[in-house]
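With these hints in hand, go ahead and build the complete structure from the sequences.
Residue numbers (this note's numbering), protein chains in the order written: chain A, 1 to 97; chain B, 98 to 194; chain C, 195 to 291; chain D, 292 to 388.
Source of the hints: derived by calculation from the structure; they are not laboratory data.
Only a predicted model underlies this, so the values are computations on that prediction, with no experimental measurement involved.
In this text, a Cβ means the ideal position worked out from N, Cα and C, and glycines have one as well.
Fair warning: there could be bad hints in the mix.
[Said to hold, decoys possible] According to the in silico footprint, chain A covers these stretches of chain C (three or more CB under 8 angstroms from chain A): (1) 222-235; (2) 242-255; (3) 277-288.
[What the hints assert, rightly or not] Simulated crosslink set (DSBU-like; lysine-lysine; CA at most 30 angstroms straight-line): (4) K289/C <-> K248/C; (5) K54/A <-> K210/C; (6) K210/C <-> K307/D; (7) K386/D <-> K289/C; (8) K248/C <-> K210/C; (9) K16/A <-> K54/A; (10) K151/B <-> K95/A; (11) K210/C <-> K95/A; (12) K345/D <-> K248/C; (13) K151/B <-> K386/D; (14) K95/A <-> K16/A; (15) K345/D <-> K151/B; (16) K386/D <-> K345/D; (17) K210/C <-> K289/C; (18) K307/D <-> K192/B; (19) K16/A <-> K289/C; (20) K345/D <-> K307/D; (21) K192/B <-> K151/B.
Letter by letter, the chains look like this.
There are 4 protein chains.
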Amino acid sequence: MCCSGDDPRRVERDNKPALISRLNRIEGQVRGINRMVQEDRYCIDILTQVAAVKSALDSLAMQLLESHARGCVADAVAAGDGAAAIDELMQVVRKLR
Amino acid sequence: MCCSGDDPRRVERDNKPALISRLNRIEGQVRGINRMVQEDRYCIDILTQVAAVKSALDSLAMQLLESHARGCVADAVAAGDGAAAIDELMQVVRKLR
Amino acid sequence: MCCSGDDPRRVERDNKPALISRLNRIEGQVRGINRMVQEDRYCIDILTQVAAVKSALDSLAMQLLESHARGCVADAVAAGDGAAAIDELMQVVRKLR
Amino acid sequence: MCCSGDDPRRVERDNKPALISRLNRIEGQVRGINRMVQEDRYCIDILTQVAAVKSALDSLAMQLLESHARGCVADAVAAGDGAAAIDELMQVVRKLR
Chain A
1 MCCSGDDPRR
11 VERDNKPALI
21 SRLNRIEGQV
31 RGINRMVQED
41 RYCIDILTQV
51 AAVKSALDSL
61 AMQLLESHAR
71 GCVADAVAAG
81 DGAAAIDELM
91 QVVRKLR
Chain B
98 MCCSGDDPRR
108 VERDNKPALI
118 SRLNRIEGQV
128 RGINRMVQED
138 RYCIDILTQV
148 AAVKSALDSL
158 AMQLLESHAR
168 GCVADAVAAG
178 DGAAAIDELM
188 QVVRKLR
Chain C
195 MCCSGDDPRR
205 VERDNKPALI
215 SRLNRIEGQV
225 RGINRMVQED
235 RYCIDILTQV
245 AAVKSALDSL
255 AMQLLESHAR
265 GCVADAVAAG
275 DGAAAIDELM
285 QVVRKLR
Chain D
292 MCCSGDDPRR
302 VERDNKPALI
312 SRLNRIEGQV
322 RGINRMVQED
332 RYCIDILTQV
342 AAVKSALDSL
352 AMQLLESHAR
362 GCVADAVAAG
372 DGAAAIDELM
382 QVVRKLR
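Structure representation (structure tokens):
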């Protein structure tokens with residue numbers, strides 16, 4: 001569920017635990033890259049890890065974007081003020097490119 | 098400097114401290130996103146932070162790629178075995194897209 | 195306007211002439227790249243043009259995506275079947291990455 | 292072969308016919324998108340085609356970039372002035388992102 005409850009800016013997410021564990025993993029991956037730099041590891045190996053973190057962030061972003069579109073945006077449209085919600089959606093789609 | 102010294106897989110980087118502090122910052126940003134999810138923050142605010150982390154990783158990757166091309170790849174070409182180094186370079190350019 | 199009229203799959207666009215002239219320009223750019231290859235032009239010059247065409251396509255896509263979200267998706271949500279429209283929207287957002 | 296012959300800015304490519312036929316196809320795809328807009332076709336169908344053209348351009352770019360790295364960049368490094376060639380390479384890698 002997204003954008004439910006009294007404060008529209010608070011978002012109760014069913015998949016909250018899963019999102020948190022993914023973010024913990026991504027944090028660990030970044031720490032791993034840090035260690036590789038500290039250990040003077042080969043550039044290609046480090047860059048391969050950077051690409052993996054980017055791809056993990058991408059898929060997290062798509063999941064959040066989808067649940068936002070289904071929740072907040074759909075609710076806003078149904079409530080008659082979809083224009084602002086779609087503005088926001090498109091701005092973040094552009095930022096994520 | 099890149100790919101210097103006896104072990105070609107160890108890379109002494111002049112900008113090592115700067116890379117490490119950037120990675121510390123990125124790690125902090127990911128932790129911040131984690132906190133936003135835990136606090137049920139609005140999706141667009143979280144997605145904006147995810148886009149910022151991706152862009153920080155992108156610029157870190159371009160910096161590493163450039164120093165790798167100038168160091169390891171140029172050294173390999175000069176030593177007569179550039180083909181394998183360019184293979185590696187192109188593979189990681191594709192992964193980072 | 196988007197997704198108006200009797201056939202929901204036909205889309206009357208106010209900006210149709212502008213879209214057509216942009217696509218004519220993009221077609222001309224691709225023809226230009228073709229000529230550069232035929233004239234054995236320098237790779238970097240050709241790649242710079244390829245990047246320009248990609249960026250023109252990107253901005254065309256964002257414009258179409260925005261008008262689609264405002265039109266078809268909002269209409270579908272208001273008509274009570276937003277889920278399928280949001281599925282479609284997210285699939286194409288992923289393809290355009 | 293890339294960057295051979297007397298004029299370093301002229302590039303004789305073994306795969307020239309293949310590149311030209313790919314560019315002809317991409318040109319045809321862009322013309323097809325133009326026709327879809329003229330026929331008021333559904334946004335998602337048009338956007339799917341735009342994504343296909345972008346992906347075709349991406350793969351063309353990677354092929355050109357690879358042959359450039361193997362040819363012009365390697366030749367320049369071997370001739371002792373790799374720095375400028377690697378500058379150029381990195382600039383276009385950034386543009387193509």
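Each hint tested on the structure:
1. With 0 residues having a beta carbon nearer than 8 angstroms to a beta carbon of chain A, the region 222-235 of chain C misses the requirement of three or more and the stated coverage is violated.
2. Judged by the Cβ-Cβ criterion of 8 angstroms, the region 242-255 of chain C is not covered by chain A as claimed, because only 1 of its residues qualify and three are needed.
3. Under a criterion of three residues with beta carbons nearer than 8 angstroms to beta carbons of chain A, the stated coverage of the region 277-288 of chain C is upheld, 6 such residues being counted.
4. Our distance criterion of 30 angstroms between C-alpha atoms is met by K289/C and K248/C, whose separation comes to about 14 angstroms.
5. For the suggested pair K54/A and K210/C, the alpha carbons sit about 36 angstroms apart, so the restraint of at most 30 angstroms is broken.
6. Between K210/C and K307/D, the direct Cα distance comes to roughly 36 angstroms. Violation of the 30 angstroms bound is thereby established for this hinted pair.
7. Distance restraint check for K386/D and K289/C: the Cα-Cα separation of roughly 20 angstroms lies within the 30 angstroms cut-off, and the hinted pair is therefore satisfied.
8. Taken as a hint, the K248/C and K210/C pair is honoured in the structure, with Cα atoms around 21 angstroms apart against an allowance of 30 angstroms.
9. Among the hinted pairs, K16/A with K54/A is consistent with the structure: their alpha-carbon atoms are about 21 angstroms apart, no more than 30 angstroms.
10. Using a Cα cut-off of 30 angstroms, the hinted pair K151/B and K95/A holds, with the two alpha carbons roughly 10 angstroms apart.
11. Distance check on the hinted pair: K210/C and K95/A sit about 26 angstroms apart at the alpha-carbon level, within 30 angstroms; holds.
12. In summary, the hint linking K345/D to K248/C is supported, as the alpha carbons are separated by about 6 angstroms, within the 30 angstroms threshold.
13. For the hint pairing K151/B with K386/D, the CA-to-CA distance comes to about 17 angstroms; that is within 30 angstroms, so the pair holds.
14. In summary, the hint linking K95/A to K16/A is supported, as the alpha carbons are separated by about 23 angstroms, within the 30 angstroms threshold.
15. Proposed proximity of K345/D and K151/B is supported: the alpha carbons are some 21 angstroms apart, at most 30 angstroms.
16. Of the supplied pair hints, the one linking K386/D and K345/D holds, its CA atoms being roughly 14 angstroms apart against a limit of 30 angstroms.
17. In summary, the hint linking K210/C to K289/C is supported, as the alpha carbons are separated by about 23 angstroms, within the 30 angstroms threshold.
18. Restraint check: the Cα-Cα separation between K307/D and K192/B comes to about 26 angstroms, which is no more than 30 angstroms; the hinted pair holds.
19. Between K16/A and K289/C, the direct Cα distance comes to roughly 26 angstroms. Compliance with the 30 angstroms bound is thereby established for this hinted pair.
20. This hinted pair checks out: K345/D and K307/D have alpha carbons roughly 21 angstroms apart, not beyond 30 angstroms.
21. Between the alpha carbons of K192/B and K151/B the distance comes to roughly 14 angstroms, so the proposed pair stays at or under 30 angstroms and holds.
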